[in-house]
Amino acid sequence: MLKNLAELIGRRFIEFVRYAGGASILLGETLFWIPMPPMRRKQIIEQMSRIGVDSLPIVSLMSLFTGMVLALQSAYQMQKLSAEIYIASLVALSMVRELGPVLTALIVAGRIGASITAEIGTMKVTEQIDALETLATNPIKYLVVPRFLALVLMIPLLTLYADAIGMLGGYLIGVHKLDISHSMYMKMTWKALRYKDLYTGLIKSIFFAVIICVVACYEGMRAEGGAEGVGRATTSSVVTSFILVIASDCFFTALFYFLT
Amino acid sequence: MIEIINVSKTFDGHKVLDNLNLNIKTGESTVIIGRSGCGKSVLLKHIIGLLQPDSGHVLIDGKDITRMDEKELSAVRLRFGMLFQGAALFDSLNILENVGFALIEHTDTPRAEIVKRVKESLTLVGLKDIEYKKPAELSGGMRKRVGLARAIIVRPEIMLYDEPTTGIDPIMGDSINDLIIKLHTKLNVTSIAVTHDMTSAYKIADRVAMLYNGKIVADGTPDEIKSAKDPIVKQFITGAGTGPITEGIDFEHLV
Numbered sequence: 001m002l003k004n005l006a007e008l009i010g011r012r013f014i015e016f017v018r019y020a021g022g023a024s025i026l027l028g029e030t031l032f033w034i035p036m037p038p039m040r041r042k043q044i045i046e047q048m049s050r051i052g053v054d055s056l057p058i059v060s061l062m063s064l065f066t067g068m069v070l071a072l073q074s075a076y077q078m079q080k081l082s083a084e085i086y087i088a089s090l091v092a093l094s095m096v097r098e099l100g101p102v103l104t105a106l107i108v109a110g111r112i113g114a115s116i117t118a119e120i121g122t123m124k125v126t127e128q129i130d131a132l133e134t135l136a137t138n139p140i141k142y143l144v145v146p147r148f149l150a151l152v153l154m155i156p157l158l159t160l161y162a163d164a165i166g167m168l169g170g171y172l173i174g175v176h177k178l179d180i181s182h183s184m185y186m187k188m189t190w191k192a193l194r195y196k197d198l199y200t201g202l203i204k205s206i207f208f209a210v211i212i213c214v215v216a217c218y219e220g221m222r223a224e225g226g227a228e229g230v231g232r233a234t235t236s237s238v239v240t241s242f243i244l245v246i247a248s249d250c251f252f253t254a255l256f257y258f259l260t
Numbered sequence: 001m002i003e004i005i006n007v008s009k010t011f012d013g014h015k016v017l018d019n020l021n022l023n024i025k026t027g028e029s030t031v032i033i034g035r036s037g038c039g040k041s042v043l044l045k046h047i048i049g050l051l052q053p054d055s056g057h058v059l060i061d062g063k064d065i066t067r068m069d070e071k072e073l074s075a076v077r078l079r080f081g082m083l084f085q086g087a088a089l090f091d092s093l094n095i096l097e098n099v100g101f102a103l104i105e106h107t108d109t110p111r112a113e114i115v116k117r118v119k120e121s122l123t124l125v126g127l128k129d130i131e132y133k134k135p136a137e138l139s140g141g142m143r144k145r146v147g148l149a150r151a152i153i154v155r156p157e158i159m160l161y162d163e164p165t166t167g168i169d170p171i172m173g174d175s176i177n178d179l180i181i182k183l184h185t186k187l188n189v190t191s192i193a194v195t196h197d198m199t200s201a202y203k204i205a206d207r208v209a210m211l212y213n214g215k216i217v218a219d220g221t222p223d224e225i226k227s228a229k230d231p232i233v234k235q236f237i238t239g240a241g242t243g244p245i246t247e248g249i250d251f252e253h254l255v
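Which chain is which? The protein sequence lines are A and B, in order. Each residue of the first sequence is one higher than the one before, starting from 1 at the first, in this note's numbering. Each residue of the second sequence is one higher than the one before, starting from 1 at the first, in this note's numbering.
Since the hints were derived computationally from the structure, they do not count as laboratory data. Please note that the accuracy of each hint is not assured.
What the hints assert, rightly or not - Taking lysine-lysine pairs in the BS3-like style, the calculated list, with each CA pair at most 27 angstroms apart, reads:
1) K134/B - K116/B
2) K141/A - K80/A
3) K42/A - K63/B
4) K128/B - K141/A
5) K141/A - K133/B
6) K186/B - K203/B
7) K215/B - K119/B
8) K191/A - K80/A
9) K215/B - K234/B
10) K215/B - K71/B
11) K134/B - K141/A
12) K133/B - K25/B
13) K215/B - K229/B
14) K25/B - K134/B
15) K186/B - K128/B
16) K15/B - K234/B
17) K42/A - K186/B
18) K42/A - K116/B
19) K71/B - K141/A
20) K134/B - K119/B
21) K215/B - K15/B
22) K177/A - K187/A
23) K42/A - K203/B
24) K215/B - K226/B
25) K42/A - K215/B
26) K128/B - K63/B
27) K182/B - K128/B
To be verified - Reference listing, derived: stretches of chain B covered by chain A, where coverage requires no fewer than 3 residues with Cβ under 8 angstroms from a Cβ of chain A:
28) 83–91
29) 97–105
Even glycine gets a Cβ: it sits at the ideal position worked out from N, Cα and C.
Isolated chain B, as found in the complex:
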């Protein structure tokens, strides 16, 4: 169970998260939707302790990660896997070293076993025979898959996805969605994804929460969100240019 309690975060005087509350049940697949720059990634980074809130708490199975020291936080982080927007593969390492990073760093696993586990992880995301390539030699979609393989090699209990389908073509995006569903069911992980891609959100979510002005303004199943009456949610999910979200913003000059 992940509990986000009254979390606030301000950057340069701009309040990105404003007394935000959200609970995520174990085993659930939650998608947080919202406009670009609304603080979705910031929220995700609070869940794994990459950012500290100005006020509020983030509890993972009842333990407050905002109060943990480096050692405790490291132990908690090994229960997580995170897929970054741009995959964030380490440029200086090859794919084998990237995917096997956590095993190399934190365990005494023999090299042969690491190679085997890396191959297994890569197979799970539909890749093979790229172990000795560098990240720069791969396409965007392949990099995301490698990022996923790196995240799942430690058998995480919680997977975080930051814009999993952004920056790749729709077909590759859909295959990433399928992978997320496959990992969710096969590895039985709690999944939290942030995205503004509604096709992806409907496909992978058990539950959808919408972030707007630093707060969760809607929370429900994909069907409930689709039939929401709230004009803010309605405008976002339909992608309408006019409505309460864009009130006072003039797009004329863009035309």
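So here's chain A without its partners, still in its complex pose:
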């Protein structure tokens, strides 16, 4: 019984180390291939459109409702203290520091991470990745680098957009439902925000982009066993990205808290 438990823990640990090692190697190779010609502009722009532009509707909805809910929920407590005007600051800070980057990353991990894994995984199990190599084309340069650059550029932009729409959601509730004046709401929003809030949020979003890309591509590259294997890899990609985004968010928040 104890032996079985030890074996299980050992096996899981080895799997974890192997996964972390494989993903790190993939990240290293991706960074190595980024400056190497050719620069696949067309593919990068296609991916940016797919990741950024096509995600706008869902990011808009999510941020608008999150901003509205934040304003409504905080109104409960703030009204007791007659401190409704601070709702503006609370919404702005929560969106910019935390919810904008994290929720955007989770949406992209679910929407784009899954599709990247499914696409690369299908290419792997149908030998298209091997075919790329036989045609003297590095699969990381051809497949991973454009997705990596597109994610690292688009997730921070989507995050900024989500921040703005979230604040708009808070504004709609604050001004039209809670009767805070337009000028007061705007003033309290700007007063609360510091540059630091913005850039810590953006730094986090860049790391989230790296996590999503590396996990999605790595899961795709190691998919095996036909359609079932691709399905498994896709599920695993989304779950792993979610966990790593949340865990690294906790880590970065603590880091920024203690550093600054």
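Given chain A, work out where chain B should sit, using these hints.
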């Protein structure tokens, strides 16, 4: 000349290639036969450097590809053309981009010239007017032909065929065999095919080698293989259900 020297490869504790040795002469058409899952495709992937052996060497014209860096290996790979079992066409690209892939990626060939070369390659495999279709719109046999066209566009010196007739009807299979012979003679390439289809093997091979338990157990001309005395080879080429290959395996439950 391709020399495979003492190559071993193990997957999950299962030894697929076991100190395997095989030499393939330039210009020769060699067919490697063996049961499904016996490691034929694994052997083929070692020849083009898609897999690295656990031990042993693969020499292409005296140069060991197991010791090459990415750049050297890429240069060697451009001397090869490979037809995959399922054709492995890129789903996201149309036929023009698939067939012209190597030219688009590795040369500065003008677009008009690429279109011309793609059309030539497609004509050589008996296809036309499909340049702007996607792979999903084609039948299995057509996909294999497009895969062939993609492989030959760079004028390879060595062609590798992974189960060229599997998954297509016998008539289409025979036309693929004819194509392989045509490419072999017309383009003067060294051909290596792996298959378990004996009709195909006899038709396209100058030489047949049989892979069994990770080793080459028979090697000769198609006529020598047909008249082989070895019970393992005999059972395989006749497709007999009972014999040394299936010893201890009970097929009763399948009936």
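Hints, verified against the model:
no., hint, verdict
1, K134/B - K116/B, "holds (19 angstroms)"
2, K141/A - K80/A, "violated (58 angstroms)"
3, K42/A - K63/B, "violated (37 angstroms)"
4, K128/B - K141/A, "violated (32 angstroms)"
5, K141/A - K133/B, "holds (26 angstroms)"
6, K186/B - K203/B, "holds (16 angstroms)"
7, K215/B - K119/B, "violated (41 angstroms)"
8, K191/A - K80/A, "holds (23 angstroms)"
9, K215/B - K234/B, "holds (16 angstroms)"
10, K215/B - K71/B, "violated (31 angstroms)"
11, K134/B - K141/A, "holds (23 angstroms)"
12, K133/B - K25/B, "violated (38 angstroms)"
13, K215/B - K229/B, "holds (18 angstroms)"
14, K25/B - K134/B, "violated (37 angstroms)"
15, K186/B - K128/B, "holds (20 angstroms)"
16, K15/B - K234/B, "holds (24 angstroms)"
17, K42/A - K186/B, "violated (37 angstroms)"
18, K42/A - K116/B, "holds (23 angstroms)"
19, K71/B - K141/A, "holds (13 angstroms)"
20, K134/B - K119/B, "holds (16 angstroms)"
21, K215/B - K15/B, "holds (10 angstroms)"
22, K177/A - K187/A, "holds (18 angstroms)"
23, K42/A - K203/B, "violated (45 angstroms)"
24, K215/B - K226/B, "holds (19 angstroms)"
25, K42/A - K215/B, "violated (47 angstroms)"
26, K128/B - K63/B, "violated (39 angstroms)"
27, K182/B - K128/B, "holds (18 angstroms)"
28, 83–91, "holds (count 7)"
29, 97–105, "holds (count 3)"
Of the numbered hints listed earlier, those contradicted by the structure are 2, 3, 4, 7, 10, 12, 14, 17, 23, 25 and 26.
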